[in-house]
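Residues in the sequence shown are numbered consecutively from 105, following my numbering.
If you are wondering where the hints come from, they were derived from the structure by calculation, not from laboratory data.
Just so you know, not all the hints are guaranteed correct.
Claimed, not checked - Computed spacing ranges between beta-carbons, pair by pair:
1) 107 - 151: 32 to 38 Å
2) 127 - 206: 19 to 25 Å
3) 181 - 155: 31 to 37 Å
4) 132 - 188: 14 to 20 Å
Computed from a predicted structure; not experimentally measured.
Just so it is clear, CB atoms sit at the ideal spot from N, CA and C, and this is done for glycine as well.
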Amino acid sequence: MRDAATEALRMTRGRTREELDSDRMFSLAIVRLLEILGEAANRIPRENQAQYPGIPWPQLIGLRNRLIHAYDQIDFDILWQILIQDLPALCSELERILASENT
Numbered sequence: 105m106r107d108a109a110t111e112a113l114r115m116t117r118g119r120t121r122e123e124l125d126s127d128r129m130f131s132l133a134i135v136r137l138l139e140i141l142g143e144a145a146n147r148i149p150r151e152n153q154a155q156y157p158g159i160p161w162p163q164l165i166g167l168r169n170r171l172i173h174a175y176d177q178i179d180f181d182i183l184w185q186i187l188i189q190d191l192p193a194l195c196s197e198l199e200r201i202l203a204s205e206n207t
């Protein structure tokens with residue numbers, strides 16, 4: 105989860121919302137990374153998810169499902185909001201969790 109989220113953030117740095125529309129490789133890469141993030145979240149057992157209420161599990165899994173099954177109806181405005189507003193906090197929370205588990 106952390107790797108996909110971090111990579112999506114890294115790819116977004118210095119980019120604009122308009123590039124999500126105009127740069128096909130960029131948009132495909134971002135969509136794929138968010139699919140991977142949601143799939144990884146879905147593979148975490150429910151009892152483990154419950155230990156980390158700071159992670160928006162249903163939203164991550166729902167995003168993955170939307171991207172996979174409604175790929176022809178992706179709203180890039182919403183995707184951009186997720187990248188800019190939600191992903192930095194998610195990455196921080198994942199880093200915190202991993203650091204606490206490694207001590």
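Outcome of the hint check:
Checking the proposed 32 to 38 Å range against residue 107 and residue 151 shows it is violated: the Cβ atoms sit about 23 Å from each other. A hinted range of 19 to 25 Å is violated for the C-beta pair residue 127 and residue 206, which are about 36 Å apart. Between residue 181 and residue 155 the CB atoms are about 33 Å apart, so this pair conforms to the stated range of 31 to 37 Å. Distance hint check for residue 132 and residue 188: the Cβ-Cβ separation is about 19 Å, which falls inside the suggested range of 14 to 20 Å.
The structure is inconsistent with the numbered hints 1 and 2, although it conforms to all the rest.
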